[in-house]
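K.L.:
Sequence:
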Amino acid sequence: MRKRNFILLALFSLLIVLGGCSRRDTSQKIITTTVNTYKEPIQSVVGDKYQVESIIKSVNVDPHSFSASSNNAKQVADSRLIVANGLGYDDWVEKIVAANSQEDNMIDFSRDVLKKQNGDNEHVWFGVKNVQELSRVVYKHMAKVDPKNRAYYQANFKEYYLKLNRLIQREKALKKYTAGKKAYVTEPLPYYLLKDLDVTIANQHFAKAIEEDTDPSIKDVKNMETGLKNHKVSFLVVNKQVTSGIITKMTTLAKKHHVPIIYFTETLPSDLGYYSWMDQNISQIERIVKE
Numbered sequence: 010m011r012k013r014n015f016i017l018l019a020l021f022s023l024l025i026v027l028g029g030c031s032r033r034d035t036s037q038k039i040i041t042t043t044v045n046t047y048k049e050p051i052q053s054v055v056g057d058k059y060q061v062e063s064i065i066k067s068v069n070v071d072p073h074s075f076s077a078s079s080n081n082a083k084q085v086a087d088s089r090l091i092v093a094n095g096l097g098y099d100d101w102v103e104k105i106v107a108a109n110s111q112e113d114n115m116i117d118f119s120r121d122v123l124k125k126q127n128g129d130n131e132h133v134w135f136g137v138k139n140v141q142e143l144s145r146v147v148y149k150h151m152a153k154v155d156p157k158n159r160a161y162y163q164a165n166f167k168e169y170y171l172k173l174n175r176l177i178q179r180e181k182a183l184k185k186y187t188a189g190k191k192a193y194v195t196e197p198l199p200y201y202l203l204k205d206l207d208v209t210i211a212n213q214h215f216a217k218a219i220e221e222d223t224d225p226s227i228k229d230v231k232n233m234e235t236g237l238k239n240h241k242v243s244f245l246v247v248n249k250q251v252t253s254g255i256i257t258k259m260t261t262l263a264k265k266h267h268v269p270i271i272y273f274t275e276t277l278p279s280d281l282g283y284y285s286w287m288d289q290n291i292s293q294i295e296r297i298v299k300e
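Throughout, the working numbering is defined as the position within the sequence shown, counted from one, plus 9.
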């Protein structure tokens, strides 16, 4: 993770107190996700019974350095369910949840659903099977807290699960072309997608340094430069939401030596749902490896 922006303790304490003081009954028809990545999977399960609202909605907002507002705290306090990514990606929400005694209404995707531990790759939404499991857990949770609509949630879950299966089948077909290939990434955000495609990330130390907002070692930089010049990888994956001098240098070098570049966003553009977004991500890789 990149270094977090620290908030003055007094100000943050005031923020979460404001959230607690303004809390209304959680019969409110609101479900909150920390990032918009999870809006579609959850909305697909709850249908018209609840409105799903995301706190971070734009690709122009860096989730790693996001600071919650008092309005965000109120939204969490009023929510029937809160879905967070976990693994430090959005740990600001945990403080708000605790301040409003909302622990029973929170799902930590990484820990509760996937049983991940600190140190595991936090970009879990890049795994389609992971998101299938999230939709299952949301269905189970809603069936428990709203049993009269259990059949409705179950039918919606099954429909969305099968929809995501279409992406998984595409990945299986694509794996015939990608298995055994290597790629460079500017950050380890597509880890789960590349793993499902049997693509090895060949610059893990470099990518981790960029993610943690530190300078990659001279050795890692030289190795990556040499790899791009000598076509040691099939493509370079760039996070469009993060720019720096070293990333610009590597993308320029990749273009110079005709190494294909794939541009991913870390969170979803406001006009896309999860399925369409992942479909486009898979298509980018597909076009390159099938050329």
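Keep in mind that the hints are not guaranteed to be accurate.
[Unchecked claim] For lysine-lysine, the following DSSO-like pairs were computed, each having C-alpha atoms within a straight-line distance of at most 27 Å:
{"no.": "1", "residue 1": "K191", "residue 2": "K48"}
{"no.": "2", "residue 1": "K184", "residue 2": "K264"}
{"no.": "3", "residue 1": "K138", "residue 2": "K83"}
{"no.": "4", "residue 1": "K172", "residue 2": "K157"}
{"no.": "5", "residue 1": "K104", "residue 2": "K66"}
{"no.": "6", "residue 1": "K204", "residue 2": "K153"}
{"no.": "7", "residue 1": "K167", "residue 2": "K181"}
{"no.": "8", "residue 1": "K231", "residue 2": "K66"}
{"no.": "9", "residue 1": "K83", "residue 2": "K149"}
{"no.": "10", "residue 1": "K258", "residue 2": "K231"}
{"no.": "11", "residue 1": "K204", "residue 2": "K58"}
[As the list claims (entries may be wrong)] Okay, the calculated beta carbon distance ranges per label pair:
{"no.": "12", "residue 1": "G56", "residue 2": "K138", "range": "32 to 42 Å"}
{"no.": "13", "residue 1": "E234", "residue 2": "V154", "range": "23 to 33 Å"}
{"no.": "14", "residue 1": "Q60", "residue 2": "S226", "range": "39 to 49 Å"}
Keep in mind that the hints were calculated from the coordinates and are not lab data.
Even glycine gets a Cβ: it sits at the ideal position worked out from N, Cα and C.
K.L.:
Now look at each hint and say whether the structure bears it out.
P.N.:
Hints, one by one, checked against the model:
1. K191 to K48: Judged against 27 Å, a Cα distance of about 32 Å means the pair is violated.
2. K184 to K264: holds, 25 Å
3. K138 to K83: Cα-Cα ~32 Å, so violated.
4. K172 to K157: holds, 25 Å
5. K104 to K66: holds, 20 Å
6. K204 to K153: Distance ~34 Å between K204 and K153 Cα, so the pair is violated.
7. K167 to K181: holds, 21 Å
8. K231 to K66: Judged against 27 Å, a Cα distance of about 37 Å means the pair is violated.
9. K83 to K149: holds, 26 Å
10. K258 to K231: Satisfied, since the Cα-Cα distance of roughly 12 Å is no more than 27 Å.
11. K204 to K58: Since the Cα atoms of K204 and K58 sit roughly 36 Å apart, the hinted pair is violated (cutoff 27 Å).
12. G56 to K138: 32 to 42 Å: violated, 23 Å
13. E234 to V154: 23 to 33 Å: violated, 54 Å
14. Q60 to S226: 39 to 49 Å: 47 Å Cβ-Cβ, so the 39 to 49 Å window holds.
Against the hints set out earlier in the document, violations occur for numbers 1, 3, 6, 8, 11, 12 and 13.
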